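Line order of the protein sequences matches chains A and B. Anchor point for the first sequence: position 416 equals 416 in our numbering, and the numbering is continuous, going up by one each time. Anchor point for the second sequence: position 245 equals 245 in our numbering, and the numbering is continuous, going up by one each time.
Please keep in mind that the hints were generated in silico from the structure rather than gathered at the bench. Computed from a predicted model, the values in this text were never measured in an experiment. Careful: at least some of the hints might be erroneous.
Unchecked claim - List of simulated lysine-lysine pairs, DSBU-like, C-alpha gap at most 35 Å: (1) A/K409 - B/K237; (2) B/K364 - B/K239; (3) A/K104 - A/K239; (4) B/K291 - A/K410; (5) A/K228 - B/K103; (6) A/K364 - A/K232; (7) A/K96 - A/K331; (8) B/K228 - A/K409; (9) B/K398 - A/K236; (10) A/K84 - A/K33; (11) B/K364 - A/K84; (12) A/K398 - B/K398; (13) A/K407 - B/K364; (14) A/K104 - B/K33; (15) B/K364 - A/K291; (16) A/K228 - B/K409; (17) B/K237 - A/K291; (18) B/K84 - B/K407; (19) B/K407 - A/K285; (20) A/K232 - B/K407; (21) B/K331 - B/K398; (22) A/K364 - B/K228; (23) A/K339 - A/K5; (24) B/K84 - B/K331; (25) A/K239 - B/K96; (26) B/K410 - A/K237; (27) B/K410 - B/K398.
The primary structure of each chain is shown beneath.
Number of protein chains: 2
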Amino acid sequence: MSKLKGNLIFGQSGGPTSVINASAAGVFIEALKHSDTIENVYGAHHGIAGILNEDFFLMNEEDSEELELLKYTPSSALGSVRYKLADPAKDDTDYKRMLEVFKKYNIRYFFYNGGNDSMDTVNKISQYMEEHGWEMRAMGVCKTIDNDLVGTDHCPGYGSAAKYVATTLTEVYQDATVYDSPQITVVEIMGRHAGWLAASAALARVAGFGPDLIYLPEVPFTVEQLYKDVDKVLEKKNKVIIAVSEGISDADGVFLAESIGAIEVDSFGHKQLSGTGAVVEDLLKERYDVKIRTLEFSLMQRAAAHLASATDIEEAFNCGAVAVNEAVNGKTGYMVGLKRNYDTAAYDVSYALIPLAEVANAEKAFPSEWINEEGNNVTDDYIDYALPLIQGETEMPKINGLPRFAKLKKVQGGNPTSYLDRA
Amino acid sequence: MSKLKGNLIFGQSGGPTSVINASAAGVFIEALKHSDTIENVYGAHHGIAGILNEDFFLMNEEDSEELELLKYTPSSALGSVRYKLADPAKDDTDYKRMLEVFKKYNIRYFFYNGGNDSMDTVNKISQYMEEHGWEMRAMGVCKTIDNDLVGTDHCPGYGSAAKYVATTLTEVYQDATVYDSPQITVVEIMGRHAGWLAASAALARVAGFGPDLIYLPEVPFTVEQLYKDVDKVLEKKNKVIIAVSEGISDADGVFLAESIGAIEVDSFGHKQLSGTGAVVEDLLKERYDVKIRTLEFSLMQRAAAHLASATDIEEAFNCGAVAVNEAVNGKTGYMVGLKRNYDTAAYDVSYALIPLAEVANAEKAFPSEWINEEGNNVTDDYIDYALPLIQGETEMPKINGLPRFAKLKKVQGGNPTSYLDRA
Chain A
1 MSKLKGNLIF GQSGGPTSVI NASAAGVFIE ALKHSDTIEN VYGAHHGIAG
51 ILNEDFFLMN EEDSEELELL KYTPSSALGS VRYKLADPAK DDTDYKRMLE
101 VFKKYNIRYF FYNGGNDSMD TVNKISQYME EHGWEMRAMG VCKTIDNDLV
151 GTDHCPGYGS AAKYVATTLT EVYQDATVYD SPQITVVEIM GRHAGWLAAS
201 AALARVAGFG PDLIYLPEVP FTVEQLYKDV DKVLEKKNKV IIAVSEGISD
251 ADGVFLAESI GAIEVDSFGH KQLSGTGAVV EDLLKERYDV KIRTLEFSLM
301 QRAAAHLASA TDIEEAFNCG AVAVNEAVNG KTGYMVGLKR NYDTAAYDVS
351 YALIPLAEVA NAEKAFPSEW INEEGNNVTD DYIDYALPLI QGETEMPKIN
401 GLPRFAKLKK VQGGNPTSYL DRA
Chain B
1 MSKLKGNLIF GQSGGPTSVI NASAAGVFIE ALKHSDTIEN VYGAHHGIAG
51 ILNEDFFLMN EEDSEELELL KYTPSSALGS VRYKLADPAK DDTDYKRMLE
101 VFKKYNIRYF FYNGGNDSMD TVNKISQYME EHGWEMRAMG VCKTIDNDLV
151 GTDHCPGYGS AAKYVATTLT EVYQDATVYD SPQITVVEIM GRHAGWLAAS
201 AALARVAGFG PDLIYLPEVP FTVEQLYKDV DKVLEKKNKV IIAVSEGISD
251 ADGVFLAESI GAIEVDSFGH KQLSGTGAVV EDLLKERYDV KIRTLEFSLM
301 QRAAAHLASA TDIEEAFNCG AVAVNEAVNG KTGYMVGLKR NYDTAAYDVS
351 YALIPLAEVA NAEKAFPSEW INEEGNNVTD DYIDYALPLI QGETEMPKIN
401 GLPRFAKLKK VQGGNPTSYL DRA
């Protein structure tokens, strides 16, 4: 079989993680090895927007050492985007434009790194190009701290965020229990609809410092239950540590955070939640006359590359490299994810191709069988699942005691236009 | 000169740091070497309260490996306290009690780890004991993330907190600038009266990712200046990163968090004093129609031992060890601090004894000559001062990918009473 020759473009989308650039490194470093098939390797500036705007960098110009450093550089080095493509059946303007750009630059390989929204984007583009006779290989590379993609055992990005959450909790626990007086500490953890990341707080109990209570979006939240749970912990000791997902909501699915403050809505129609911890604090103040402190792990939980898991970095890198190899070998329309062999005692993963249509816009909730009976913590089965994902320390280099991130030259490889008004 | 024989007690006080236990390790490990002079080494449970309550642990019973691990264990392993002793001229009840306990347990060495309040405590106790004929050696060991103690070049605890702030800013910077759309990110940093820790945000610029604006408590804060500063940054680029000290206040010294705008009514009708960062965010929202995100480094900045500076750990340990040595050699009434030799190119510190009376209740503000003309950032002279303090990485051991903190047996060495009602 003759290989499809042409150029490659890679984009990063959605919320950053500590290892999304490790996947980029995997794509770039592997793609540059296939120079017989792939001539130019482009990195889209701000994801899909960069393609539409003909704004992309020629990665062939980058130093290989700097591409290696992408493994230790958090967030999205090429810039991310939250622009949502329309349904092509209703409005195919952007798709037409993309086909025009693909033709102009002979883009035959399109890789996109993101969560389920991004997989939907790749899927739509892939289908459109096929329908319009433009032969190409389109592949998704999964990433999300939310760990909510279907078809994959777990998502690159999750292990590092979980390691941040668990490590920080072991440390904060020491601080939150240091005085003799009673104290309730509330920790707000990201996760709009799925409780995977909030659940990772439980990993701290492996070190002996887990939270007393964990509230996930998968369990309808009630004030009565909160009070009952906290009463029970306070009967035994005078310190309570509570991990709450930002996405906890009532039986009707109304976010707790919606009860106060402004809720911002992004271009995907997602509600931007923040302040759930503060609402829980207010509820607690209503009943308990003790010191209450609320912490938000905020951007740190998805950007703290200095605490990235080596396992996660390696897998994120490999997902990118596998995507290139599979595409060069003719595969298209898949997301590269992880498959775990649960029959071995040692942690054992391989890389799997999951049809994009299966992944697009679906969400994998935290399994109900891993939630305890009271609905306020997670079971050891979850620990068995998640503990391998946080193993290993990053080899992030430091200069002057501070991280040394990748410095990309970002040589323009396109011809930027203002197709999209991005102001 | 014959050495004063007897027992030793050590207590930890005030807000935790990442390395307050490193000083404890220094005191304990050094004291246990002097068994000819010091028989029992006690660790007070919750500082001064532990002494008043005869509640203290016999550190001689601890495994030496665990005492070593205290170097990597954040917060105060013995428990902290915020109990303030009265002026003995007005009420000497607690002092009488302390003398009673010191006599009962033949305490001849008293060491206390803390900030300026704690140094005041040691000073008062030291004077009282001298006046009442109880020969003893009383020494303070300085610690505070605030770096606001006089007489010492810097304080153990500061370097690690500064390393956390600077490192986290380099990472958060990547995340806060990832989208193409304008964004203002506000980071709230601890420091009620002194801007030292907020200033450490500037260290991130050594890595290329410093904040655009830094507001310190030492510069009176005005909304007009904030708007002027942000306008100016937004003229040049569409991302603004602002570091604010929690203690910024107006020309009359009224905290921003206390000012009119700070009072919020929560969903229960309670008046709430929200965080300084949140107030700045509200002020910005009034003028700028862009995405604004506020982060609080909260307890993490003083508990993140995984990011402790090796320099800080070593100095904290040595301060404790030096206190023991100097006391055994007859010194009393001093705080052990750090003296820096600025005549050498390489970082060079030695340990200095500062009379407690000089340190007690005094605060060292951030130097005005290190604040830029506009009052919204710090100069490179500060960088030269602070950069050496964040050098070196911790050797914190990890198990299962998580910190392995010291596990103390905490064998009771006293006879706990309820002298203080600590409920």
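Now for the hints, and whether the structure bears them out:
| no. | hint | verdict |
| --- | --- | --- |
| 1 | A/K409 - B/K237 | holds, 19 Å |
| 2 | B/K364 - B/K239 | holds, 33 Å |
| 3 | A/K104 - A/K239 | violated, 63 Å |
| 4 | B/K291 - A/K410 | holds, 26 Å |
| 5 | A/K228 - B/K103 | violated, 47 Å |
| 6 | A/K364 - A/K232 | holds, 31 Å |
| 7 | A/K96 - A/K331 | holds, 23 Å |
| 8 | B/K228 - A/K409 | holds, 33 Å |
| 9 | B/K398 - A/K236 | holds, 29 Å |
| 10 | A/K84 - A/K33 | holds, 32 Å |
| 11 | B/K364 - A/K84 | violated, 53 Å |
| 12 | A/K398 - B/K398 | holds, 20 Å |
| 13 | A/K407 - B/K364 | violated, 39 Å |
| 14 | A/K104 - B/K33 | violated, 77 Å |
| 15 | B/K364 - A/K291 | holds, 29 Å |
| 16 | A/K228 - B/K409 | holds, 33 Å |
| 17 | B/K237 - A/K291 | violated, 41 Å |
| 18 | B/K84 - B/K407 | holds, 29 Å |
| 19 | B/K407 - A/K285 | holds, 33 Å |
| 20 | A/K232 - B/K407 | holds, 27 Å |
| 21 | B/K331 - B/K398 | violated, 39 Å |
| 22 | A/K364 - B/K228 | violated, 47 Å |
| 23 | A/K339 - A/K5 | holds, 30 Å |
| 24 | B/K84 - B/K331 | holds, 25 Å |
| 25 | A/K239 - B/K96 | holds, 32 Å |
| 26 | B/K410 - A/K237 | holds, 18 Å |
| 27 | B/K410 - B/K398 | holds, 22 Å |
Hint violations for this structure: numbers 3, 5, 11, 13, 14, 17, 21, 22, all remaining hints satisfied.
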